[in-house]
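Student: One-letter residues, chain by chain:
Number of protein chains: 2
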Amino acid sequence: MPMNQQIILKSRPQGKATVDNFEMREVAVPVIKAGQVLVRHQFLSLDPYMRGRMNEGKSYAAAQPLDSVMIGGTVGVVEASAHDNFQPGDTVVSMGGWQTYSVVDANEPGAIRKVSTSHVPASAYLGPVGMPGVTGWMGLTQICKPKAGETLVVSAASGAVGSVVGQLGKSMGCRVVGIAGGAEKCLYVTQDLGFDACIDYKAHADSKSLYGALKAATPDGVDAYFENVGGVIMDTVLARTNPFARIAVCGLIAGYDGAPLPMNNATLILVNRLTIQGFIVSERMDLWPEALKTLGEQVAKGKLVYRETITEGLANAPEAFLGLLKGHNFGKQLVRISA
Amino acid sequence: MPMNQQIILKSRPQGKATVDNFEMREVAVPVIKAGQVLVRHQFLSLDPYMRGRMNEGKSYAAAQPLDSVMIGGTVGVVEASAHDNFQPGDTVVSMGGWQTYSVVDANEPGAIRKVSTSHVPASAYLGPVGMPGVTGWMGLTQICKPKAGETLVVSAASGAVGSVVGQLGKSMGCRVVGIAGGAEKCLYVTQDLGFDACIDYKAHADSKSLYGALKAATPDGVDAYFENVGGVIMDTVLARTNPFARIAVCGLIAGYDGAPLPMNNATLILVNRLTIQGFIVSERMDLWPEALKTLGEQVAKGKLVYRETITEGLANAPEAFLGLLKGHNFGKQLVRISA
Chain P
14 MPMNQQIILK SRPQGKATVD NFEMREVAVP VIKAGQVLVR HQFLSLDPYM
64 RGRMNEGKSY AAAQPLDSVM IGGTVGVVEA SAHDNFQPGD TVVSMGGWQT
114 YSVVDANEPG AIRKVSTSHV PASAYLGPVG MPGVTGWMGL TQICKPKAGE
164 TLVVSAASGA VGSVVGQLGK SMGCRVVGIA GGAEKCLYVT QDLGFDACID
214 YKAHADSKSL YGALKAATPD GVDAYFENVG GVIMDTVLAR TNPFARIAVC
264 GLIAGYDGAP LPMNNATLIL VNRLTIQGFI VSERMDLWPE ALKTLGEQVA
314 KGKLVYRETI TEGLANAPEA FLGLLKGHNF GKQLVRISA
Chain H
14 MPMNQQIILK SRPQGKATVD NFEMREVAVP VIKAGQVLVR HQFLSLDPYM
64 RGRMNEGKSY AAAQPLDSVM IGGTVGVVEA SAHDNFQPGD TVVSMGGWQT
114 YSVVDANEPG AIRKVSTSHV PASAYLGPVG MPGVTGWMGL TQICKPKAGE
164 TLVVSAASGA VGSVVGQLGK SMGCRVVGIA GGAEKCLYVT QDLGFDACID
214 YKAHADSKSL YGALKAATPD GVDAYFENVG GVIMDTVLAR TNPFARIAVC
264 GLIAGYDGAP LPMNNATLIL VNRLTIQGFI VSERMDLWPE ALKTLGEQVA
314 KGKLVYRETI TEGLANAPEA FLGLLKGHNF GKQLVRISA
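Protein chains in written order, with our numbering: chain P, 14 to 352; chain H, 14 to 352.
Next comes chain P alone, as it looks inside the complex (with noise of 0.2 Å):
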């Protein structure tokens, strides 16, 4: 039997999160027991939230232990089976975390889902039709709430989550616009995606300048954002929101090395009577299921598009994290750790 690759948390982040928080160690592949259905993990999905369990203490959850191994979703085939619903060849989803293998519970409710292949590819259901499709879906539904010809604005918008946000609305008659970091993923975004506009904040120095190249492409104001970043760019989306305008907070990433990130001004909430929502994707299970079935359907028939960087090699999975808290990947990040 091989035996299994891990990356587990050596230290918590002083300000910002760097390869050293991470150590590799390789450790006997384990035997199952009744129940219980092992997984070889072919794609690992990185994302924003994993930087939050980095830190100690209150956060979007329980915070990562040190010296175990890091929490993350998986996509793999079943190796071995002591559960009837389980067969080995079938393709899972589950959290799996940075290694090679996992032992999963499957009584346990959620913990582990067979997929189909035949329509929708494997690294999907770590991206569109996983955790990041569902997040785009829930705060869009579920809290921003946009009509037909109003303006949605999304925040990090060739990414994993933006992406699927932006061509929902899309789908639901809306003037949508992203704001992404460089001139190849505005691209991306406005060609691709099929979004109205796209800001690039990298070719903005300042709020000013940002705000009028947001007021030139929002010329009705914002009735819907959906929030992926914070900081700066929150505060310049806020100035252009309409009365009754709809805040789905999903990530802050601006935030997550533990800087303070203030929203500058708050009084908007008042002046144009705001809702602004925190939420987590894992608190609704509920929702889930229709959400992975539209996004699927979509997914199936070509209507939702996406795009993936890979990185290979479970080794390189900690760089590849810290790219993507820095914006290095274009669309979903994920990490090949077998064929």
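No wet-lab data here; the hints were simulated from the structure. No incorrect hints appear here.
With a straight-line cut-off of 27 Å between C-alpha atoms, the simulated BS3-like cross-links for lysine-lysine are:
| hint | chain 1 | residue 1 | chain 2 | residue 2 |
| --- | --- | --- | --- | --- |
| 1 | H | Lys-316 | H | Lys-183 |
| 2 | H | Lys-306 | H | Lys-160 |
| 3 | P | Lys-183 | P | Lys-306 |
| 4 | P | Lys-160 | H | Lys-158 |
| 5 | P | Lys-158 | H | Lys-160 |
| 6 | P | Lys-158 | H | Lys-158 |
| 7 | P | Lys-215 | P | Lys-183 |
| 8 | P | Lys-127 | P | Lys-306 |
| 9 | H | Lys-339 | H | Lys-221 |
| 10 | P | Lys-306 | P | Lys-316 |
| 11 | H | Lys-29 | P | Lys-221 |
| 12 | P | Lys-160 | P | Lys-228 |
| 13 | P | Lys-46 | P | Lys-127 |
| 14 | H | Lys-228 | H | Lys-158 |
| 15 | H | Lys-221 | P | Lys-29 |
Since this is a predicted model, take the numbers as computed values, not measurements.
Given the coordinates of chain P, work out where chain H should sit on it, guided by the hints.
Tutor: Same frame as chain P, but now just chain H:
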């Protein structure tokens, strides 16, 4: 016929508002036409929202025009009527403004409302059974939505809005904690209004000290917050929120003079999955009848108590208003215009 005394907005504040922004003038009392009612005002309501109207441009609503009578809610007596529904001697509530008399078009929906003073004093229709009371009821029942056993925090707790919020919160079975300025107000909030605790923000030199006091008063965290103030107080309360806390933003008095009002830790929106919503009571007129019915019954039964600061004479309205912005009033700030 006596003259009509009026206070007009003479100039817009540069930073803090001053008495020089106002001017008194006398004009003839108008003659009523068909459908109109002439009202002699007994009480004028002074409210923080008026400060927003004094600024130019985007705020709650249209700016108060220069050289016109300051907007304001009034309760008064019908002096003359050319409308079948109103008779001389009726007590009526309307937006009469900062003046002795006003003419109301009684056919305009919502412009004038006849009220009974048999169980509720006339002035209460500008307080607990008027706009401030409905504001408290609306933010509490539509946004804060506290459940029995939850902890509700209210800033400006001794004020016209806050006092209603807290008493209704108690009747819903919540632990209610007020924030007010000064020991005397805090004593009133706990002893007369029946809040479980009240924090005197003036007794705390910095936000750390204020946080310590709030922590002691909210051992189970904060589930709902009714915000009247903003700034350091808002930041401090947000830092005590539990997951899924609801924040109704009714007023941000700390920002009314135009200084930037940052929310220093927007990351909490995501970490605690907060819902923060600004609202204006006049935008949900459909809810007023239910609110007024509840509030009127509670006041008539003596179950909803309130306090008034009555300034004598229209000429003293500007000074009373500036005092209100600094928290010099104690309970609902009124101006007695005539007997």
